[in-house]
Amino acid sequence: MSMPRQHSTNRRDFLKVGGAAVGALIIGIPSAMAAPLRRLDENGVSTDTPVDATHNADDTFTPNEFLRIEATGAVTITVARSEMGQGVRTALPMILADELGADWNRITLVQASPSATFKSLSTGGSMSVSDMYQPLRLAGAAAREMLVAAAATQLAVPASELRTKDGMVVHSASNRSLTFASLVGAASKLPVPQTPLFKEPDEYTFIGKAQRRIDGPDIVTGKARYGLDVRVPGMTFAAIAMPPVQDGKVASFNRAAALAVVGVRAVVELPRGIAIVADNTWAAFKGRTALAVTWSDGEHAAFDSTQFRAKLRATTAKSGTIIARTAGDADQTLASTIATRRISATYESPFQAHATMEPQNCTAHVSANGCELWLGTQEPGDAQQTVARTLGLKPEQVKVNVTLLGGGFGRRIVNEYASDAALLSKQTGKPVQLVWSRPDDFAHDMYQPMFVAKLDAALDKYGKPVAWRHRIASPAVTAGFGGVAMEAETLGARDFPYASPNIRIEYTHVPAPMAMGWWRAIQFVPNIFARECFIDELAAASKTDPLEYRLQLLNEQSQADFATAPLKPGQTTREHVSVDRLREVLLLAAKKAAWNVPLAKGHGRGIACLSYDNRSYVAQVADVEVTKSGQLRVNKITTVLDAGLVINPLGIVAQVEGGIVWALTAALYGDMRFEKGRAARTSFAQYRVAAMRDMPVMETHLIPGKFAPSGAGEPPVPAVAPAIANAIFAATGKRVRSLPISAASLL
Amino acid sequence: MPRYSLSVNGKPQRVTADADTPLLWVLRDHLGMTGTKYGCGAGQCGACTVQLNGTATRSCQLPVSAATTFKIATIESTGDAILDACRTAWLEEDVAQCGYCQAGVIMTSAALLRTTPSPTDAQIDTAITNICRCGTYPRIKRAIKRAAVLAKAPKASVGSEGRES
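Residue numbers (the numbering used here), protein chains in the order written: chain L, 1 to 747; chain R, 748 to 912.
Calculated directly from the structure, the hints in this document are not laboratory data. A portion of the hints provided could be inaccurate.
Once the Cα atoms are required to be at most 27 Å apart in a straight line, the calculated DSS-like pairs of lysine-lysine come out as [as the list claims (entries may be wrong)]: (1) R:888 / L:636; (2) L:311 / L:601; (3) R:899 / L:209; (4) R:892 / L:592; (5) L:636 / L:601; (6) L:399 / L:430; (7) R:888 / L:592.
Chain R with its partners taken away, still in its complex shape:
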């Protein structure tokens, strides 16, 4: 079986896997990084979204053989200010219900904020095509807008404000 070198969350990883193995399963089963979720395996639900060089990508549709040239970032990654702003906003807006889809939604949202620092409702509607069956969409939208503010603010104010019900 072929061997591949990957860059995941800033660390080099070597895996032995069939060439057609989707990055999703390499992350989950080969590397034991289970934060990236399996939802549909068809690129339709977005639960498996990771970032490749900062761009949101559905990892169930990307064979490992095509992933070697990218910097891969998953929900487990640290040290990314925009991602941290999303995390804080997600908690302050109390977005998650079951939480299963949220890794994919957060990775998609952080990628959106990288290219569109102040997204409009319409831009959010277009960018967030992830499926959430618990129905957290209204809070996702609020959290993206809050993260947009947090990402631009001086670091000290991050996480300083709660949210009333």
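Here chain L stands alone, though its shape is the one from the complex:
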């Protein structure tokens, strides 16, 4: 019994190639409750018709796959990315609605399903807004020009004198206006402009202005529907016992005992484990306990994460198998530099879980016509294709309804359990909701890998790095996804932005038995931790202020080797960090955090920065306090984010706050251990995460966008831990080089 580990592509490609809307009409609480509408049946499944641009009836205006305007004036917008809390169901419609000039309160959303029209619905990599920005403004602007052209004819005025606003075409000079509703028929007969003119930024009505989350009213009344909330007539509920050790096999189980549990209908053996199908979730869970499965653990039964850490450390003592970047000759420079000008340090980060609040689940209904799925997924297309392969169907015979996701963070890019739900429905002839328990979710996660990095630098007589070497060892996420882009494991390290004539970034993949997966900011988190802490160590060695040291090293010289370096496998663009944007966020963060104002004894400030995929730029300052007894308190995180054009500032600030909390868990608590081959922490009591009492003050500043929107979900994560660690050094003189930060390391 084994879990499929091989997937076809790396994440970047995966996300490039790659439902049912949820919620309900709310009437009542004024003001904040007003929000775009969704129509639902009693099962919480959208009854909205998907936008079909190939069908342009007289009574509707459907200029493209993203937009439909009814003869009533109702505007339907297709959302082609999954909502996992990052706010795409608000931000993406804002882009189209702004170009269109729509009335926000008359918008209906349809969640896209994989189809010939929507081949890629991939959601991840902080790319939803940046990828969809251009298509959505094009869709809105083209529709606007058609409505304006129709209105120009009716009003007998030049189109140039017309503008759209609140669902109307307005002629200010004559104080006349026409509703979109009255123009639907005429506009739908016009050709669709291929190169419409976009609004100027000073004409934006929604972009750049705070917009509350569209699904908010449904969430606060319990009507928002996630995968686990799908209810289909005749459905059953299933749990599955899976081997606790990767590639383990069933040794024995008690079928009769499970079937004796009231409400249990069937015990079904699947490739991934033994499933219990029951009348309700509780009966399924009880049935699984009664099953009393014993396992034959197999070859990975001895895997131990503490021993694995030692293996990674030993690996970084040697040169890496992949050279991700090289400039000059770092090895030679280090070898020829006297010991007093050499600095070395090892940085470590543990395995980590996603622990989405909604455990993994999928509802499937296999019928004579094919299969229908309901699930919260970041990759609806992959769910469709995987289930089609499993059942021997064509992909178009598998309909995927994308619900809201109760957290994603990369975990829901892979939905291996969708095939299990489909097989159970096929075998039992009924719709089945397969539910992973919380312990299942911890024990069968696709983990953030453990990382060990050894860093070496040689300093010149001024304290500047004449050599920088960053050696990384980890079980590669990309290894489970085809392994074609293993250099991605050095993200945050190979884009080292500081000036040094000799740079060497190395990587070695050390396999672990468990599945590794995409995680919020993935490799950037351990790599930026190592890089930004070590640069801090160099600053201290050269007796220079850490901010000043960074600024001195951020110059065009630092990028010289990128201009000529050949593209690496899996790399599509040259990694050229904008040192200007990095300097800008650093300087503003330092200013806002009062960097030069001294703190009380026991308090310290630390700074760290990064360019995220050379798209978004972040600097963060941490203010911490360490008591004499070694208690750490993070008092404040000041963030400056340059994520290009800001669509919804309210949403972006939420992403920064959420990113900081995600990073606090990683910095303070997150640590998945493996003992005897199995996950040793399978509850929130064992796997601690950040809570209300851990919260620092968060102050966030957004650089007004000079560039296209570039992503905000992951960029606020990686600099938090190094900023905290550097602040601890400022407060105590102690270097924290291993996460999570232990009390022992502060004494």
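Given the structure of chain L, go ahead and fit chain R onto it with the hints provided.
Showing chain R alone in chain L's frame:
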């Protein structure tokens, strides 16, 4: 299988369920009220929080057989001024991200405001032990404080103010 009479959101409900079935699953699977969420099944995350006679309770830890004597309120309930103040404050502060944990957080917060109408930061830190992986804690804290004000204010002002970014 035994039958139980429950009072949920002011309505009598009769369910047939095993005595040890947690209230969480009775609400979700037997009564189809899916607003109350499953997060951990161990009373550790708070996603399943409901109110029993106004007190926040983790419904995954309460067998249905022990729930019959209480007035049960869930996120779907209506007509509760403190809960409505929380809802309005939640929207005005734009608290939710994925939203999955928020039903439990709101039910916990409304129960807190019932006993502690003007909670301090420390009281909020102690009362809100719910887990949110999206990281909405700072906005939850602001929303609780806003709800405290709204709950005391004359009804007309509820929901009248927006929030700047």
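Status of the hints after comparison with the structure:
1. A hinted pair counts as satisfied when its Cα atoms are at most 27 Å apart, and residue 888 (chain R) with residue 636 (chain L) qualifies at roughly 16 Å.
2. Distance restraint check for residue 311 (chain L) and residue 601 (chain L): the Cα-Cα separation of roughly 39 Å exceeds the 27 Å cut-off, and the hinted pair is therefore not satisfied.
3. As the CA atoms of residue 899 (chain R) and residue 209 (chain L) are separated by approximately 30 Å, the hinted pair breaks the 27 Å bound.
4. Between the alpha carbons of residue 892 (chain R) and residue 592 (chain L) the distance comes to roughly 26 Å, so the proposed pair stays at or under 27 Å and holds.
5. Restraint check for residue 636 (chain L) and residue 601 (chain L): satisfied, since their Cα atoms lie roughly 16 Å apart, inside the 27 Å limit.
6. At roughly 16 Å between alpha-carbon atoms, residue 399 (chain L) and residue 430 (chain L) fall within 27 Å of each other, so this suggested pair holds.
7. At roughly 23 Å between alpha-carbon atoms, residue 888 (chain R) and residue 592 (chain L) fall within 27 Å of each other, so this suggested pair holds.
Checked against the numbered hints above, the structure violates hints 2, 3; every other hint is satisfied.
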